[in-house]
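Asks: What follows is each chain in one-letter form.
Number of protein chains: 2
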Amino acid sequence: MKKVLIISADDFEDTELLVPYYRFKEEGAHIDVASMRKGAIRGRHGYEIEANKALSEINPDDYDMLFLPGGKAPEAVRKDMDAVNISHSFFGKNKPVAAICHGPQILVTAGLLKGRRATSYKSVAPELKLAGAIYEDKEVVVDGNLVTSRQPSDLPVFLKETIKKLKEPR
Amino acid sequence: MKKVLIISADDFEDTELLVPYYRFKEEGAHIDVASMRKGAIRGRHGYEIEANKALSEINPDDYDMLFLPGGKAPEAVRKDMDAVNISHSFFGKNKPVAAICHGPQILVTAGLLKGRRATSYKSVAPELKLAGAIYEDKEVVVDGNLVTSRQPSDLPVFLKETIKKLKEPR
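So the sequences go chain by chain: A and B. Just so it is clear: in the first sequence, position 12 is 12 by my numbering, and no numbers are missing. Just remember that my numbering sits 1000 ahead of the position in the second sequence, which is counted from 1.
Okay, chain A solo, but in the shape it has when bound (with noise of 0.2 Å):
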């Protein structure tokens, strides 16, 4: 069985964190959830979702992939020492990694962007580029174990492509 590992806080964008995460049961994948806290995480429009493990707790050798949902979770997110090193271990083991909307700014603080092709939400736009990404302002950008896209529009697209990476075999 797949294990992902999501990373989110509250005022995450509930499609852009929920859509995934059914899709991904779907798949029969096992999920965890983690913030900088365990407990309960609240979206934007009011969706809720138990964030079932601490970032501290997390040891990222026992997923297959990270995903990191947008919204102004990523905003809070991005200054957890714990989940800028979780991702990059799974830039390091060349783990896949799939980030939409505001969600690629973790990996901007992490240094993790140089060099590497990418999307984002628009406004995210001239951080991704400052951090030496080489920006595509397309519903879905592939760079190698790296899947990113812009909005909830384009969640058809992002999880079709985010899925071929889950099914990887490894």
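Simulated from the structure, these hints should not be mistaken for laboratory data. Among the hints, erroneous ones may be present.
[Unchecked claim] Dumping the calculated PhoX-like pairs for lysine-lysine here, alpha-carbon to alpha-carbon at most 20 Å:
hint: 1; chain 1: A; residue 1: Lys160; chain 2: B; residue 2: Lys1003
hint: 2; chain 1: A; residue 1: Lys165; chain 2: B; residue 2: Lys1025
hint: 3; chain 1: A; residue 1: Lys38; chain 2: A; residue 2: Lys3
hint: 4; chain 1: B; residue 1: Lys1003; chain 2: B; residue 2: Lys1093
hint: 5; chain 1: A; residue 1: Lys167; chain 2: B; residue 2: Lys1160
hint: 6; chain 1: B; residue 1: Lys1138; chain 2: B; residue 2: Lys1167
hint: 7; chain 1: B; residue 1: Lys1160; chain 2: A; residue 2: Lys3
hint: 8; chain 1: A; residue 1: Lys25; chain 2: A; residue 2: Lys167
hint: 9; chain 1: A; residue 1: Lys160; chain 2: A; residue 2: Lys138
hint: 10; chain 1: B; residue 1: Lys1164; chain 2: A; residue 2: Lys167
hint: 11; chain 1: B; residue 1: Lys1164; chain 2: A; residue 2: Lys25
hint: 12; chain 1: B; residue 1: Lys1164; chain 2: A; residue 2: Lys164
hint: 13; chain 1: A; residue 1: Lys122; chain 2: A; residue 2: Lys72
hint: 14; chain 1: B; residue 1: Lys1025; chain 2: B; residue 2: Lys1165
hint: 15; chain 1: A; residue 1: Lys160; chain 2: B; residue 2: Lys1122
hint: 16; chain 1: B; residue 1: Lys1164; chain 2: B; residue 2: Lys1093
hint: 17; chain 1: B; residue 1: Lys1002; chain 2: A; residue 2: Lys160
hint: 18; chain 1: B; residue 1: Lys1165; chain 2: A; residue 2: Lys25
hint: 19; chain 1: B; residue 1: Lys1003; chain 2: B; residue 2: Lys1164
hint: 20; chain 1: B; residue 1: Lys1160; chain 2: A; residue 2: Lys2
hint: 21; chain 1: B; residue 1: Lys1025; chain 2: A; residue 2: Lys25
hint: 22; chain 1: A; residue 1: Lys165; chain 2: A; residue 2: Lys138
hint: 23; chain 1: A; residue 1: Lys160; chain 2: B; residue 2: Lys1025
hint: 24; chain 1: B; residue 1: Lys1138; chain 2: B; residue 2: Lys1122
hint: 25; chain 1: A; residue 1: Lys160; chain 2: B; residue 2: Lys1160
hint: 26; chain 1: B; residue 1: Lys1138; chain 2: A; residue 2: Lys138
hint: 27; chain 1: A; residue 1: Lys114; chain 2: A; residue 2: Lys129
hint: 28; chain 1: A; residue 1: Lys53; chain 2: A; residue 2: Lys38
hint: 29; chain 1: A; residue 1: Lys167; chain 2: A; residue 2: Lys93
hint: 30; chain 1: A; residue 1: Lys164; chain 2: B; residue 2: Lys1025
hint: 31; chain 1: A; residue 1: Lys2; chain 2: A; residue 2: Lys93
hint: 32; chain 1: B; residue 1: Lys1164; chain 2: A; residue 2: Lys160
hint: 33; chain 1: A; residue 1: Lys122; chain 2: A; residue 2: Lys95
hint: 34; chain 1: B; residue 1: Lys1160; chain 2: A; residue 2: Lys25
hint: 35; chain 1: B; residue 1: Lys1122; chain 2: A; residue 2: Lys164
hint: 36; chain 1: B; residue 1: Lys1138; chain 2: A; residue 2: Lys25
hint: 37; chain 1: A; residue 1: Lys165; chain 2: A; residue 2: Lys95
hint: 38; chain 1: B; residue 1: Lys1167; chain 2: A; residue 2: Lys164
Remember, it's a predicted structure, so these values are computed and weren't measured experimentally.
For chain A, the structure is supplied; the task is to place chain B on it using the hints.
Replies: Quick look at chain B alone, frame taken from chain A:
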């Protein structure tokens, strides 16, 4: 390309409409959203989606599958004779119909559940039984052309079965 008809209205349960909507798009389906009137409809959590068709202009023969999401919308939709007639057409031609949560209320009004195995949100169960359905408290019930589920947490298995139906050659 498969064509899916979603029938809903204001106060839909956002995830129950949007998660399948994005999932059908991932599958490459064309989707029309129909309501009593054309125009934006708004979910209980504030998400909006465009009803690009009025129920009165729908020809059910144009579609491969009917999907009825939940929330408070079905209580309004069931009073619309076009919605009832459209449901009859899908059942009459044995085409797939998927309904979740309060969605099956429309099929109750249409008198289509007599002797059929089905599920729904728990508060709707008495109605289904009165309508002659064989109610099963399971995350998904598949009976011929009909796929039903209870609530948002059932979405992964609901969609697994619904996508199977959508992919069946006709």
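Asks: Each hint: holds or not?
Replies: Results of checking the hints against the structure:
1. Lys160(A) - Lys1003(B): This hinted pair holds, its Cα atoms lying about 19 Å apart.
2. Lys165(A) - Lys1025(B): 19 Å, holds
3. Lys38(A) - Lys3(A): 19 Å, holds
4. Lys1003(B) - Lys1093(B): 15 Å, holds
5. Lys167(A) - Lys1160(B): This hinted pair holds, its Cα atoms lying about 16 Å apart.
6. Lys1138(B) - Lys1167(B): Status violated; Cα separation ~23 Å.
7. Lys1160(B) - Lys3(A): Holds, at about 19 Å.
8. Lys25(A) - Lys167(A): 13 Å, holds
9. Lys160(A) - Lys138(A): Given that 20 Å is the threshold and the Cα spacing comes to 15 Å, the pair holds.
10. Lys1164(B) - Lys167(A): 19 Å, holds
11. Lys1164(B) - Lys25(A): It holds: about 16 Å lies between the C-alpha atoms, which stays within 20 Å.
12. Lys1164(B) - Lys164(A): 18 Å, holds
13. Lys122(A) - Lys72(A): Holds: Lys122(A) and Lys72(A) sit about 14 Å apart, inside 20 Å.
14. Lys1025(B) - Lys1165(B): 15 Å, holds
15. Lys160(A) - Lys1122(B): 33 Å, violated
16. Lys1164(B) - Lys1093(B): With a Cα-Cα distance of about 18 Å, the restraint between Lys1164(B) and Lys1093(B) holds, given a limit of 20 Å.
17. Lys1002(B) - Lys160(A): With Cα atoms ~17 Å apart, Lys1002(B) and Lys160(A) stay inside 20 Å; holds.
18. Lys1165(B) - Lys25(A): Judged against 20 Å, a Cα distance of about 19 Å means the pair holds.
19. Lys1003(B) - Lys1164(B): 14 Å, holds
20. Lys1160(B) - Lys2(A): Distance ~17 Å between Lys1160(B) and Lys2(A) Cα, so the pair holds.
21. Lys1025(B) - Lys25(A): 18 Å, holds
22. Lys165(A) - Lys138(A): 18 Å, holds
23. Lys160(A) - Lys1025(B): 10 Å, holds
24. Lys1138(B) - Lys1122(B): 10 Å, holds
25. Lys160(A) - Lys1160(B): Between Lys160(A) and Lys1160(B) the Cα gap is close to 15 Å, so the pair holds against 20 Å.
26. Lys1138(B) - Lys138(A): 40 Å, violated
27. Lys114(A) - Lys129(A): This hinted pair holds, its Cα atoms lying about 9 Å apart.
28. Lys53(A) - Lys38(A): Measuring from Cα to Cα gives roughly 5 Å; hence the hint holds.
29. Lys167(A) - Lys93(A): 17 Å, holds
30. Lys164(A) - Lys1025(B): Roughly 16 Å between the alpha carbons, so the hint for Lys164(A) and Lys1025(B) holds.
31. Lys2(A) - Lys93(A): 16 Å, holds
32. Lys1164(B) - Lys160(A): This hinted pair holds, its Cα atoms lying about 17 Å apart.
33. Lys122(A) - Lys95(A): 26 Å, violated
34. Lys1160(B) - Lys25(A): Given that 20 Å is the threshold and the Cα spacing comes to 10 Å, the pair holds.
35. Lys1122(B) - Lys164(A): 36 Å, violated
36. Lys1138(B) - Lys25(A): Holds, at roughly 17 Å.
37. Lys165(A) - Lys95(A): Roughly 9 Å between the alpha carbons, so the hint for Lys165(A) and Lys95(A) holds.
38. Lys1167(B) - Lys164(A): 19 Å, holds
The earlier numbered hints that this structure contradicts are 6, 15, 26, 33 and 35.
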